[in-house]
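Chains as they are written, first to last, in my numbering: chain A, 1 to 252; chain B, 1 to 327.
Restricting the straight-line Cα-Cα distance to at most 20 angstroms, the calculated cross-link-like pairs of lysine to aspartate or glutamate (DMTMM-like) are:
| id | chain 1 | residue 1 | chain 2 | residue 2 |
| --- | --- | --- | --- | --- |
| 1 | B | K321 | A | E146 |
| 2 | A | K194 | A | E184 |
| 3 | A | K96 | B | E313 |
| 4 | B | K324 | A | E146 |
If the Cβ cut is set under 8 angstroms, some of the chain B residues that face chain A in the computed set are:
| id | residue |
| --- | --- |
| 5 | H194 |
| 6 | Q199 |
| 7 | K202 |
| 8 | S213 |
| 9 | V218 |
| 10 | A224 |
Rather than coming from a laboratory, the hints here were simulated on the basis of the structure.
Since the model is a prediction, treat every value here as computed from it, not as a measurement.
Don't be surprised by glycine CBs; every beta carbon is placed ideally from N, CA and C.
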Amino acid sequence: MSDTDVILSAKGMTKQFAGFMAVKDVNLDVKRGSIHAMIGPNGAGKTTCFNLLTKFLQPTAGSISFNGKDITTMAASDIARLGMVRSFQISAVFPKLTVLENVRVALQRRRGGNFDFWRSQRVLNQFDEEAMRRVEEVGLTDFAGELAGELSYGRKRALEFATTLALEPELLLLDEPMAGMAQEDIERISALIKRISANRTILMVEHNLSVVADLSDKITVLARGQVLAEGDYETVSNDPRVIEAYIGVGHG
Amino acid sequence: MTDQTMSGAPVNEKTRQPLRVPVLHMGIFAALLIFFLAAPFFLYPVFLMKVLCFALFACAFNLLLGYGGLLSFGHAAFFGGASYISAHAAKMWGFTPELAVLLGTGAAAVLGLVIGSLAIRRQGIYFAMVTLAFAQMVFFFSLQAPFTGGEDGIQAVPRNLLFGLFDIRHDRAFYFFVLAICFGGVLLIYRIIHSPFGQVLKAIRENEQRSISLGYQVNRYKLAVFVISATLAGTAGATKALVFQLASLTDVHWTMSGEVVLMALLGGIHTIFGPIAGAALIVAMQNYFAGFGAWVTVLQGAIFVIAVLLFREGIVGVIGKWLKKPL
Ligand SMILES: Nc1ncnc2c1ncn2[C@@H]1O[C@H](COP(=O)(O)OP(=O)(O)OP(=O)(O)O)[C@@H](O)[C@H]1O
Ligand SMILES: [Mg+2]
Chain A
1 MSDTDVILSA
11 KGMTKQFAGF
21 MAVKDVNLDV
31 KRGSIHAMIG
41 PNGAGKTTCF
51 NLLTKFLQPT
61 AGSISFNGKD
71 ITTMAASDIA
81 RLGMVRSFQI
91 SAVFPKLTVL
101 ENVRVALQRR
111 RGGNFDFWRS
121 QRVLNQFDEE
131 AMRRVEEVGL
141 TDFAGELAGE
151 LSYGRKRALE
161 FATTLALEPE
171 LLLLDEPMAG
181 MAQEDIERIS
191 ALIKRISANR
201 TILMVEHNLS
211 VVADLSDKIT
221 VLARGQVLAE
231 GDYETVSNDP
241 RVIEAYIGVG
251 HG
Chain B
1 MTDQTMSGAP
11 VNEKTRQPLR
21 VPVLHMGIFA
31 ALLIFFLAAP
41 FFLYPVFLMK
51 VLCFALFACA
61 FNLLLGYGGL
71 LSFGHAAFFG
81 GASYISAHAA
91 KMWGFTPELA
101 VLLGTGAAAV
111 LGLVIGSLAI
121 RRQGIYFAMV
131 TLAFAQMVFF
141 FSLQAPFTGG
151 EDGIQAVPRN
161 LLFGLFDIRH
171 DRAFYFFVLA
181 ICFGGVLLIY
191 RIIHSPFGQV
201 LKAIRENEQR
211 SISLGYQVNR
221 YKLAVFVISA
231 TLAGTAGATK
241 ALVFQLASLT
251 DVHWTMSGEV
261 VLMALLGGIH
271 TIFGPIAGAA
281 LIVAMQNYFA
291 GFGAWVTVLQ
301 GAIFVIAVLL
311 FREGIVGVIG
321 KWLKKPL
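Let the sequences and hints guide you as you build the complete structure.
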């Protein structure tokens, strides 16, 4: 794989929490334009990997590069500005803002500095139409004026997804985007992920294996902080080590 | 896959119409303005000026707490610090009232920038402690520095000619000067809350991690709101010094920081008008119960405890809930 094919790359990425190795020497290459899934049992270190890649945590060792640029020491907000945006495992919405306003906050960043405290927020109305389109995309049109905090869990996830998409990121990191969603929402978001992946790259953690099988081009299996296996669904699902990690020790 | 979501259904009528809330708010502001324009003709101007100064102070403080999500325990530093500067400028340098207030405000802004840039790196209770620590430094500085007059403070501060032209020495004339400043300040805070900046602030308050992941450099926004809050708290303190013609240690004491927290909580921190109501209530209480001496503090504490137990969202917060309208 040539360097320009790799959008995100981690080398020897390690995170230690007070003596506990949550992530250990992980090497990861995410191919541009692909849907890359990261799976693994609970506590495997998937979310920690996301936190490291997006610089919400500082790695103990190793290096990370995005689009060929070393981002190991950058700030999390700057990572987002480069075009790599993450979602959170625990749904992250702004509960006291309306659904529409949630999406608009993301769009608003395009204005550059938002320090103009003397100006009326009516200048933000320019983003309403686009925000509405994003809201529509995830099936929340009827809830546009509701406070985000009042939505059901599945709808909060959909809203979070819409907000992330509004930034038009080059690379999306989705941490269990379908967790807690009803089947029909899962189908809708799956289709949406497929559709938006046309000109973007997606790295996602997902426990729903049928979604993973259906969507992803490549899968990285993580267990106890280390990469256990990597490949397409076929390869990975037949790997005895993966089966063992999922079923439990000693039952292989 | 249900396709109806992709087909661009028209905006449902359930979509809340946000237009009427600003109209309501403007109505309340208009009513307040009319009241305060008429009030000096049937209430003591000095009492009213005190209410106005504390209303601005509480609103400035609450911009940081209610909208920035940052609890400062050191706002007396800005309020009291500015009152010393303004008193000194008016008395020793013969500054006109508007310039004295401006200088006090500017001093509070600088102090806010210094304290804020060190405090915003801390979260929650640590943030509060850092602000308290700095405010204590300002207090001890005020106690020791030669120009502040130590225990006596700066007394007999003159009310010079407004713009060097108009004689507003008398309370009722001075009142309108104070009203213009404080009302203007509160309106500015209202605008800040409803600005693009205010929208980002709310997002940060609601979910800081998410705001970072959207690319917002949250520390810059926090610092900005801290400085604005400190600056306007300074405006309130600088004005108050001219009202009472006195700058004293009371205004930089930690109890003053506590008092403004109380005003905001009592009125409701997630409201626009709460801090004004809280300030009015507490100032009124201090005035009317002045005869009880040290018991005022106890009474104040008791009322506070009862209020917090009865209405956790503050008085105006509870009223807003009844009316189902954000106040
Ligand atoms: N801030 C932290 N401090 C200490 N330990 C942590 C911290 N964050 C995560 N861990 C630990 O690191 C390990 C990996 O956690 P992580 O959240 O990355 O797992 P995960 O693969 O995302 O699991 P899940 O599927 O349950 O979301 C866990 O044992 C967790 O307890
Ligand atoms: Mg996780």
